[in-house]
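From first to last, the protein sequence lines stand for chains A and B.
Note that the numbering used here has the first sequence beginning at 1, numbered continuously upward.
Note that the numbering used here has the second sequence beginning at 202, numbered continuously upward.
Among the clues, some could well be false.
Taking lysine-lysine pairs in the DSSO-like style, the calculated list, with each CA pair at most 30 Å apart, reads [to be verified]:
hint, chain 1, residue 1, chain 2, residue 2
1, A, Lys186, A, Lys198
2, A, Lys7, B, Lys272
3, A, Lys199, B, Lys285
4, A, Lys68, B, Lys244
5, B, Lys295, A, Lys84
Derived list of chain A stretches under chain B, where covered just means 3 residues or more per stretch with a C-beta under 8 Å from a C-beta of chain B [said to hold, decoys possible]:
hint, segment
6, 7 to 18
7, 38 to 47
8, 57 to 65
9, 123 to 137
If you're looking for bench data, these hints aren't it; they were derived computationally from the structure.
Cβ coordinates follow ideal geometry from the N, Cα and C atoms, glycine included.
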Amino acid sequence: MSFINLKDKVVQVKIVYYGPGRCGKTTNLEYINRKFRDQIQSEMVSLKTHGDRTLFFDFLPFNMGQIKGYDIKIQLYTVPGQVKYNATRKLVLKGVDGIVFVADAMEKQREKNIRSLNQLHENLQSYKESIFKIPLVMQYNKVDLKEHGIPVLPISVLQQDLNSRLQVPYFEASAITGYNVAATLKKIISSTVVSIQKKLL
Amino acid sequence: MNYGIVSQEQLELIEDILFQKLVKLGVDCAIIIDMAGNIITVKDNGKNKYDIYSFAALAAGNFATVDAMAKLVGETEFSLLFHKGQDSNIHFSKIDDELLLISMFGKDISLGFLRLNVVEAIDQIRKVWARQE
């Protein structure tokens, strides 16, 4: 849940990048950290294992300027993707305002995407939130692998698997090259801010 | 509990408590955060240069982890934590299920004295907080 400080006129918004292991959540944040350096005052915090996998979360505070005199502070988090870390994923989801679901477009990851999305649904329910109500954006990552001859699922299949009931905005993307990373971020920020505004009215 | 918005008056009262009970005592920086990692309010001695937003995110994560450890050993919670360094120390104390008070202080204050003041501060903050429910 966003926190609004009326005294200092600050709104803090929590956005979580969720998805299966090795789908590119941290890579998304790393790209944002490089690309929007001037809007980020502090270093990205990454709690990693020795093998460079996210152990707890990554954290990147992001300044979005002002809306109606209020400073909007976006806090970007990722979760650890590995199956065994669900307790940690749940912790990071606490108080979430908006979610980017990063799906791995590689053909062999099809099952994992679906399983991860189902678990997101369950995890949100444990906080009495609904995946159908919370601002959500789908990102089909790694589409660039097509050019390297690696089998990638067509967008229509990904849409059918993950987004047929949710019907949320989606982007094909390549976090490593930055393709549509900013577009995804922009979309989730605008959906989240609109949803917070609605709650307040 | 829905606490999404806190009134300006409440924040001022809480900041005053932090100042009177902790900063005056010599605490470098007192922060109240929620368990989702948002900063509710900060009061410092004007000298600190900490990156408080990252700090809050990590502190909330840290506290949640310790909470999970407590459950593993059959405790309902560990309501306070203390990290000791060479020159600076951090003390975490739970205000209620949603809020956490973090005090960062140097070597000039005794831990016992700080803890006494933290207990009093928390007592007062709870009263201010309860008014909105």
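Evaluation of the provided hints:
1. A C-alpha spacing of about 18 Å is found between Lys186 (chain A) and Lys198 (chain A), which places the hinted pair at or below 30 Å, so the restraint holds.
2. Our distance criterion of 30 Å between C-alpha atoms is broken by Lys7 (chain A) and Lys272 (chain B), whose separation comes to about 37 Å.
3. Simply put, Lys199 (chain A) and Lys285 (chain B) have alpha-carbon atoms about 42 Å apart, too far for the 30 Å limit, and the pair is violated.
4. Distance hint between Lys68 (chain A) and Lys244 (chain B) is fulfilled; the C-alpha atoms sit about 26 Å from each other, no more than 30 Å.
5. Proximity of Lys295 (chain B) to Lys84 (chain A) is assessed by CA-CA distance (about 28 Å); at most 30 Å being required, the pair is judged to hold.
6. Three residues within the 8 Å Cβ limit are the bar, and the segment 7 to 18 of chain A against chain B gives 3, so the coverage statement holds.
7. Given a C-beta distance limit of less than 8 Å, the hint that chain B covers the segment 38 to 47 of chain A holds, as 5 residues qualify and 3 suffice.
8. Given as covered by chain B, the segment 57 to 65 of chain A passes the check, having 3 residues with a CB less than 8 Å from a CB of that chain where 3 are the minimum.
9. Residue count for the segment 123 to 137 of chain A with a Cβ under 8 Å from a Cβ of chain B: 0. That is fewer than the three needed, and the coverage hint is violated.
Hint compliance for this structure: hints 2, 3 and 9 are not met, and every other hint is.
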